[in-house]
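**Q** Heads up: the sequence shown begins at 50 in my numbering, then just goes up one per residue.
In case anyone wonders, no lab produced these hints; they're calculated from the structure.
Cβ coordinates follow ideal geometry from the N, Cα and C atoms, glycine included.
Worth double-checking, as some hints may not be accurate.
Pair ranges (Cβ atoms, derived) [as the list claims (entries may be wrong)]:
| id | residue 1 | residue 2 | range |
| --- | --- | --- | --- |
| 1 | 111 | 90 | 16 to 22 Å |
| 2 | 112 | 90 | 18 to 24 Å |
| 3 | 77 | 109 | 29 to 35 Å |
| 4 | 80 | 120 | 21 to 27 Å |
| 5 | 127 | 87 | 24 to 30 Å |
| 6 | 70 | 95 | 26 to 32 Å |
| 7 | 98 | 70 | 31 to 37 Å |
| 8 | 134 | 113 | 28 to 34 Å |
| 9 | 117 | 59 | 47 to 53 Å |
| 10 | 62 | 114 | 18 to 24 Å |
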Amino acid sequence: MGESSASYIHLVQHLIEECIIFNMSKEESMEALSKHANIMPVITATVWKELEKENKNFFEAYKKKREERANEMETRQRIHQILLDSDSGCINKDTNK
50 MGESSASYIH LVQHLIEECI IFNMSKEESM EALSKHANIM PVITATVWKE LEKENKNFFE
110 AYKKKREERA NEMETRQRIH QILLDSDSGC INKDTNK
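All chains should be modelled from the sequences, with the hints used to inform the complete structure.
**A** Given below as structure tokens:
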């Protein structure tokens, strides 16, 4: 592999690490790097896959943490909707008096 290929792979790796800092999934990273850095999604996917192989424990924990955050967000949205629904019910009862 040439020096320019190696530096390109290191650039992609660095950008993936930046995506991880922003808690992005592999798919979100592929889309972001394609859109903002003009990196083909297949390149991002390949580098991501290699990073997963080299850092299995990290990526397992990262995936679990992302799933936990998604569940927390879903729960918060449900609670928020319940509160909105109960508030609108109180408003309707108040206006019907």
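**Q** Each hint should be assessed against the structure and marked as holding or not.
**A** Status of the hints after comparison with the structure:
In this structure, residue 111 and residue 90 meet the distance hint of 16 to 22 Å, their C-beta atoms being roughly 19 Å apart. At about 19 Å, the CB distance of residue 112 to residue 90 agrees with the hint of 18 to 24 Å. Between residue 77 and residue 109 the C-beta distance comes to about 18 Å, which lies outside the given range of 29 to 35 Å. In this structure, residue 80 and residue 120 meet the distance hint of 21 to 27 Å, their C-beta atoms being roughly 23 Å apart.
Distance hint for residue 127 and residue 87: a CB-CB separation of about 39 Å, inconsistent with the stated range 24 to 30 Å. Range check, residue 70 to residue 95: Cβ separation about 21 Å, and the 26 to 32 Å hint is violated. As the Cβ distance of residue 98 to residue 70 is approximately 19 Å, the hint placing it in 31 to 37 Å is violated. Between residue 134 and residue 113 the beta carbon distance is about 32 Å. The supplied range of 28 to 34 Å therefore holds.
For the pair residue 117 and residue 59, the supplied restraint of 47 to 53 Å is violated, since their beta-carbon distance comes to about 31 Å. For residue 62 and residue 114, the Cβ-Cβ distance of about 20 Å falls inside the hinted range of 18 to 24 Å, so the restraint holds.
This entry does not satisfy hints 3, 5, 6, 7 and 9, going by the numbered hints stated previously.
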